[in-house]
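> Heads up: the sequence lines are chains A and B, in that order.
Numbering follows numbering that gives the first Met the number 0, with no gaps: position 185 of the first sequence is 184.
Numbering follows numbering that gives the first Met the number 0, with no gaps: position 41 of the second sequence is 40.
Hint data in this document are derived by calculation from the structure and do not stem from the laboratory.
A virtual CB, placed ideally from N, CA and C, is assigned to each residue, including glycine.
Do not take every clue at face value.
Footprint (simulated), chain B over chain A, 3 or more residues, beta carbon under 8 Å [what the hints assert, rightly or not]:
| hint | segment |
| --- | --- |
| 1 | 37-50 |
| 2 | 57-69 |
| 3 | 89-100 |
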Amino acid sequence: MVQIQQLHYSYKKKNVFNGLDITFEAGNIYGLLGKNGTGKSTLFKNICGLLKPKSGTIDVVGYKSTLRNPTMLSKVFMLPEDFFVPSVKINDFIATLAPFYPKFSKTDFEKYIAEFEIPVSSRLDQMSMGQKKKALIAFSLATNTELLLMDEPTNGLDIVSKSQFKKVMASVISPDKCIIISTHQVKDIENLVDRISVIDNGSILFNASLTDVGKKLSFKYSLHHSPKEEVVFSEETLNGLNEVLFNNSGEESKVDLETLYKAIMINPLAINKLFK
Amino acid sequence: MSDTLNIARLTLLLKNHIVEHKQKYLYYAIGMFFIGLIVNVIVLSTTTFGARYDELINGTLDIATTKWETMQTVFYIGGLYIFGGIFSCTSFVNFSNKGEGIFYLIKPASQLEKWLTEVIVHIFLFWLAYTLLFYIIDIPVTFIIRGIEHQDYLQDLKVRLPKDMIGKTFHPSQIFHFSNFKEGNSVVYPFFTSLYVSICAYFMYGSILFNRFAFFKTLILAFVTGMVYFFYALIFLNNKSLLLPQNWKFSEPKTAYLQNEHFDRLFEVELSDNWLWVTGYFLILFVPVVLLACSYFKLKEKEV
Numbered sequence: 000m001v002q003i004q005q006l007h008y009s010y011k012k013k014n015v016f017n018g019l020d021i022t023f024e025a026g027n028i029y030g031l032l033g034k035n036g037t038g039k040s041t042l043f044k045n046i047c048g049l050l051k052p053k054s055g056t057i058d059v060v061g062y063k064s065t066l067r068n069p070t071m072l073s074k075v076f077m078l079p080e081d082f083f084v085p086s087v088k089i090n091d092f093i094a095t096l097a098p099f100y101p102k103f104s105k106t107d108f109e110k111y112i113a114e115f116e117i118p119v120s121s122r123l124d125q126m127s128m129g130q131k132k133k134a135l136i137a138f139s140l141a142t143n144t145e146l147l148l149m150d151e152p153t154n155g156l157d158i159v160s161k162s163q164f165k166k167v168m169a170s171v172i173s174p175d176k177c178i179i180i181s182t183h184q185v186k187d188i189e190n191l192v193d194r195i196s197v198i199d200n201g202s203i204l205f206n207a208s209l210t211d212v213g214k215k216l217s218f219k220y221s222l223h224h225s226p227k228e229e230v231v232f233s234e235e236t237l238n239g240l241n242e243v244l245f246n247n248s249g250e251e252s253k254v255d256l257e258t259l260y261k262a263i264m265i266n267p268l269a270i271n272k273l274f275k
Numbered sequence: 000m001s002d003t004l005n006i007a008r009l010t011l012l013l014k015n016h017i018v019e020h021k022q023k024y025l026y027y028a029i030g031m032f033f034i035g036l037i038v039n040v041i042v043l044s045t046t047t048f049g050a051r052y053d054e055l056i057n058g059t060l061d062i063a064t065t066k067w068e069t070m071q072t073v074f075y076i077g078g079l080y081i082f083g084g085i086f087s088c089t090s091f092v093n094f095s096n097k098g099e100g101i102f103y104l105i106k107p108a109s110q111l112e113k114w115l116t117e118v119i120v121h122i123f124l125f126w127l128a129y130t131l132l133f134y135i136i137d138i139p140v141t142f143i144i145r146g147i148e149h150q151d152y153l154q155d156l157k158v159r160l161p162k163d164m165i166g167k168t169f170h171p172s173q174i175f176h177f178s179n180f181k182e183g184n185s186v187v188y189p190f191f192t193s194l195y196v197s198i199c200a201y202f203m204y205g206s207i208l209f210n211r212f213a214f215f216k217t218l219i220l221a222f223v224t225g226m227v228y229f230f231y232a233l234i235f236l237n238n239k240s241l242l243l244p245q246n247w248k249f250s251e252p253k254t255a256y257l258q259n260e261h262f263d264r265l266f267e268v269e270l271s272d273n274w275l276w277v278t279g280y281f282l283i284l285f286v287p288v289v290l291l292a293c294s295y296f297k298l299k300e301k302e303v
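All chains should be built: construct the whole structure from the sequences, respecting the hints.
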């Protein structure tokens, strides 16, 4: 779906990517994690051809992204963090924008809009920030594009809306689709993503499926320290200890995404050694 | 389906563009209408219309060349250039906002189709809309002015106009008769069109070059370019000896004509009599095309 090889990108004064290599496959929901300013949004923009890399290649659904080919763009939808909605009613928005996306489903759109409880007769620009975002999420999902990029989709959503978002997202994945969700609010994508990629210092620090993670690591909350040789990462909390341990049980454990992310950021060598 | 230019997709993009911007365009049209109306009211209340007594007596009165006809021409062209320039500056306004820029660039259409949409809307559709608005104001104002002219004749000159002249005065075809463009010097009409397209293309380029305050920055750029040209003209062209070998000089009043006065006239270097017109026609075609091409290539390279 997306193949990125030796991507180098820099802004005027800041180097963002130094030879980044990653592949995103269809049939997965990826969680793209990383600290603020590590280049998650920049990666999305490079994938869509909104930014042009200094060197390296980005192949998106069989097209070179920098060419902004209309066929490629009709198979890709990006929901940016700084999103924009025109001053039109939802029906006009659908009537004039949906025809660009051959797989757009009005039925799906109506289903998502109903789930998000968005008033259809309202003008998009007159909605609240959360409603605008939900309307765009509904549209992006209804386009049924092969690749869907969502940059911080839960920013600005209240608790109920976040729950609605999770519910809707859980129903959309299919074998021919690839969804990449970039966020620093790890809790919001828990139980939603099936692969996790972490960007740090201009390259991919970690990239694995959560099934693999669950097989190789276990996540434990306890009051006492585990034996040192079993611990990959340990963090003291108010009520006890959050630990990431080597999973020697042979059974798949439930992944605590937030703790995993912290473990990757603090002890990347040990984690990567395990997944090589 | 062609990936570079597809008419169905272009039509779709045009429809999408108009629906998304209709509110903004409506406000712009209302603004233009009221400014036009105010200008016309000021003109009506401050200008004396009517023909000269001798024209009337000699029978040389030509409605198409009265003061109002000239004013109409000035208003039409001046307004078209000013409003057209301002409107063209809003063509790539999407890039003033990061989210809007992304929304625009990820629309599944080619760069050529996006550029063509802006050109069609901001140059050609604007021209049509402007002309329509112009006549919505102009036709009733012209009727009023024609009426004033007749009152003037009747009251001041105590002369009754012939019936056929009264009929001619009120005939709407007179209002549409822009003799200045269609007749007379044939260069005027293409020059007028070229200048309009050039102004729009220049401001379109400015709108994609500058993300914020594009109109003012483009104006400043035009001013700076003009000043550079002015000083170039002042220093080099007025001091032509800088450009010429010793003993050579420009011969006035011929425009671009070099001759060495020490030689026989056979050695004169003389350009064709029509060189100005040839150059003029070339520029009429070349300038708007180059400016439009600049905005297209800038759009292709645009990043958000």
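> Which constraints among the numbered hints does this structure fail? Numbers only, ascending.
none
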